Amino acid sequence: MSATLTLDREHVGLAPRSWKMPIILSILTLAAIIFTATTPADMSSGVALAWSARLGTTRLTLPTLLTIGILTLAQVGVTVWSWAVAISRKKLASWWVIIFGTAFVLVFLLWAVAGKENPLQFTSLLSGALFLSVPLIFGAMAGCVCEHVGVINVSIEGQLLAGAFLAAVVGALTHNAWIGLLAAPVAGALIGCLLALFAVKYWVDHIIVGVVLNVLVTGFTNYLFSTVLAHNKEVFSVAVRLPKWSIPGLSEIPILGPVLFAQNALVYIMYVAVIILQIMLFKSRWGLRMRACGEHPRAADTVGIKVNRTRVLNTILGGAIAGLGGAFFTLANGLAFGKEMSAGRGYIALAAMILGGWKPKGALVAALLFGFADNLQNALGVVGVAVPSQFMLMAPYLVTVFAVAGLVGKVRAPAQEGTAYKG
Amino acid sequence: MRLELRHVTKKFGSFIANDSIDLVVEPGEIHALLGENGAGKSTLMNVLYGLYEADGGEILLDGVPVHFSGPGDAMAAGIGMVHQHFMLVPVFTVAENVVLGHEPVAGLDLINLGKARAMVREISEQFGFEVDPDAVVEDLPVGIQQRVEIIKALSRQAKILILDEPTAVLTPQETDELMDIMRQLKAAGTSIVFITHKLREVQEVADTITVIRLGKVVGKALPTASQVELAEMMVGRAVGLGVDKSVSDGGHVTLEVRDLTLVDTSGVTLLDDVSFDVRSGEILAVAGVQGNGQTELAETLVGLRKPTGGTVTLYGQVDGETVAHDVTGKKVKRILSEGVGFVPEDRSTDGMVHSFSIAENLVLDQVSHPPFSKAGALNMKAIADNAAQQVETFDVRAGSPNAAIGTLSGGNQQKVVLARELSRDLKLFIASQPTRGVDVGSIEFIHARIVEERNEGAAVLIISTELNEVSALADRIAVMYKGRFVGIVPPDTERNVLGLMMAGVPLDEALAHQTSATAGKEPPSPPPDTGKQEAGLPSDSGAGHKEGGDHE
Chain Y
2 MSATLTLDRE HVGLAPRSWK MPIILSILTL AAIIFTATTP ADMSSGVALA WSARLGTTRL
62 TLPTLLTIGI LTLAQVGVTV WSWAVAISRK KLASWWVIIF GTAFVLVFLL WAVAGKENPL
122 QFTSLLSGAL FLSVPLIFGA MAGCVCEHVG VINVSIEGQL LAGAFLAAVV GALTHNAWIG
182 LLAAPVAGAL IGCLLALFAV KYWVDHIIVG VVLNVLVTGF TNYLFSTVLA HNKEVFSVAV
242 RLPKWSIPGL SEIPILGPVL FAQNALVYIM YVAVIILQIM LFKSRWGLRM RACGEHPRAA
302 DTVGIKVNRT RVLNTILGGA IAGLGGAFFT LANGLAFGKE MSAGRGYIAL AAMILGGWKP
362 KGALVAALLF GFADNLQNAL GVVGVAVPSQ FMLMAPYLVT VFAVAGLVGK VRAPAQEGTA
422 YKG
Chain F
560 MRLELRHVTK KFGSFIANDS IDLVVEPGEI HALLGENGAG KSTLMNVLYG LYEADGGEIL
620 LDGVPVHFSG PGDAMAAGIG MVHQHFMLVP VFTVAENVVL GHEPVAGLDL INLGKARAMV
680 REISEQFGFE VDPDAVVEDL PVGIQQRVEI IKALSRQAKI LILDEPTAVL TPQETDELMD
740 IMRQLKAAGT SIVFITHKLR EVQEVADTIT VIRLGKVVGK ALPTASQVEL AEMMVGRAVG
800 LGVDKSVSDG GHVTLEVRDL TLVDTSGVTL LDDVSFDVRS GEILAVAGVQ GNGQTELAET
860 LVGLRKPTGG TVTLYGQVDG ETVAHDVTGK KVKRILSEGV GFVPEDRSTD GMVHSFSIAE
920 NLVLDQVSHP PFSKAGALNM KAIADNAAQQ VETFDVRAGS PNAAIGTLSG GNQQKVVLAR
980 ELSRDLKLFI ASQPTRGVDV GSIEFIHARI VEERNEGAAV LIISTELNEV SALADRIAVM
1040 YKGRFVGIVP PDTERNVLGL MMAGVPLDEA LAHQTSATAG KEPPSPPPDT GKQEAGLPSD
1100 SGAGHKEGGD HE
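Protein chains in written order, with the working numbering: chain Y, 2 to 424; chain F, 560 to 1111.
Warning: the hint list may mix true and false statements.
[As the list claims (entries may be wrong)] Under the rule of at most 30 Å between Cα atoms (straight-line distance), these lysine-lysine pairs were calculated in the BS3-like manner:
| id | chain 1 | residue 1 | chain 2 | residue 2 |
| --- | --- | --- | --- | --- |
| 1 | Y | Lys-92 | Y | Lys-362 |
| 2 | F | Lys-745 | F | Lys-718 |
| 3 | Y | Lys-423 | F | Lys-775 |
| 4 | Y | Lys-360 | Y | Lys-92 |
| 5 | Y | Lys-307 | F | Lys-674 |
| 6 | F | Lys-986 | F | Lys-890 |
| 7 | Y | Lys-362 | F | Lys-890 |
| 8 | Y | Lys-360 | F | Lys-745 |
| 9 | F | Lys-674 | Y | Lys-284 |
| 10 | F | Lys-674 | F | Lys-804 |
[To be verified] Per the computed footprint, the stretches of chain F lying under chain Y, defined by three or more beta-carbons under 8 Å from a beta-carbon of chain Y, are:
| id | stretch |
| --- | --- |
| 11 | 621-631 |
| 12 | 664-670 |
Hints in this document: simulated from the structure, not taken from any laboratory. It should be emphasised that the depicted structure is a prediction, and the values quoted were computed from it without experimental measurement. Beta carbons: idealized from backbone N, C-alpha and C, even for Gly.
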């Protein structure tokens, strides 16, 4: 690397104008205008809002053209503002983007359900999105831990799958979902051990090890499934389910209550995991030391931190977190193990972590977004709008490619991730 | 604390980096470890700091043998080290960097940031560092980062502080400030091991000097020893510290740069309206602290970067007529074909192909046409003949021209790069850090060769962060600061004036400072006298430059 510049931040004469944001917003606004223009004046869109268990459900019937017309105008406004901001070489505040995004999604939803018999179940769209994002969030947390310590974890997919497998089998053997839940992180941690062994000890390229481990876990669980599990269904394939808890009081909050606090037990564990990680990663001794190993391992070494030991331990911890998330596929859904159940969620989790800027809270938001896209097809299907499921599954990857290309702003990975520390 | 090294030996394979080294550092002394690049100074200190395991010998602290299996042990024993490449995590704050590894904890493993900040403030106030504990390290200037490193060592109760080439990244004024800090530390009872290859600094601050050459202690000296004596001990033979060079009045303008501006993708201005000429038969040397746009200037001139604005024009003589070629933003190949030679700053990555032989590296830029290739096939004989001749002319010390260039020493690699670039007929020769990491013997040769190129009528642009080199070679000196030319001055300009300019002070102000500080100017000649000015640097970054010198 050549010289790094020590020019100060104020010495920015003319920042190049960035047209990415206004162009994207303009294209989306154009789409919204097309939706609006193709809507007949007499149509209406039905939306059902479940306030809470006590308050019951309200069905709203909105005049489609008027509602999406107003929302589209709001988008036009934000787009014009974004051009103005770009011309003055500044950056659009992120809450403008949030307003725009919400308006666009609403326009799309109202347009899609216009004139249908069944209303859009808005509350269950959100609560389902949260539920579906659980494995993504656990996976992304695992990614955060591993990458901050300097190890790229592509094997999240395999760790989720291994967790799902062991959780289901142990749960079935003991007829107890909670014991199954304890087994899930063990499976993930084992895969984490393998990753640490090859990546940290033997300096194999992290991405290659990760992909190989994914293939290994897929093959191994497929083999066990079709030999052991399939022939002893009554022993190994008993479905057990984690309970669904409504938190008294909190679950009565209108809309938010049923979405956030009438969920599966694994969801509550997820809340705790995200909060703890967000705090510990940036405020604790553990977090400081492990991030030092990912940012500047030699500096960590010179103050007496054992870099490779820290890397190994945290890679295993990351594996355990992803393994726990794997319990979603079996225990949280009340399903027995099935072949390749994780279905690529591990890769989407990785994408969520990158989109979230390597921070637990950012990854949480990104994973929720992907969960929403995932659940959208279910919700629209109920209403009777057929959206090709493949299209919805593509969305997270598309979003990530654009995000990583720099749309969302500057996200920075830990400086020395994926490099071996040879002491 | 008294530190003693006895017969310390460190080998890398068959290469002996440290050969039975004896060294004694008395409590409260500044002990300079002087030697050329690659003499084994840093290796020795890394052994002492526990980063390398010694193959033989022992380390004694206050007469007690100690064994360090890692830096943690060395630190616990009271040894602190400020590395040449700072061991600071760029994205952490100052306080986080200082406490890393011995964090005060408030319970639940959470760091007690209040205590961490207090720790930084206490040491910072004791020595007048003015370091903000909450500043993010990557936003700080290097001079301040170095202080953070010192705070880091002191916060661990270091009794012996190792400073590894601490002045390489500093302006002369910052260097003076560092020397004041070293004297303060000494007064507070800390022993300092000061690793350097700069003779001026050793004379100024050291109590004792140990000279190392090729992994062996070759002698001890007192700071009263002359620079010539020290240089001879360091190199092992008599060396000329100056460069023989006649006065040049310059010929016609060869390179004309006007309003050259370069803005990178994140909007940082790297070159800011740079304008200058270089005439044929003169050397223009660009001085400045690393990272002020010099690298980018050279890269823009040869076409590796596209300028945002401004023009670069090359003038040539065709049949006595002056012909102008506008080469602004042209491709590298096109610019080089105009008769431009370029020695890049980082020769090992940008100047050569590591695994290719010397012979191949010597023709890298000329293999596409005769005599070195014909109809797409290489002419091995021509390449070998060329190599034999160049190795001879440039005194490249290598087993064979077919040896991989990566196996040579830095000085010999640089000679190969230089030989290649100078083998064409040049109008303009640009060399960035031509002697970085090169032994003193080769420096002499390289300097002589650059002057020879100038005498043959080429326009020469040298970019260097070493003031000695700039003063020795230049016909005119341009000083760069934050992407701008602060001024262009004659080669006999005093070191202190150049130093102020390197910190961004305009020429007339720098001269005013200078005359108010040292009444009665002597005709300057290297080595310049070490009188420091009373006025400190104007605080250009807000955080940190200590005002005024309190050394008297």
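Against the structure, test the hints numbered earlier, and report the numbers of the ones violated in rising order.
7, 8, 10
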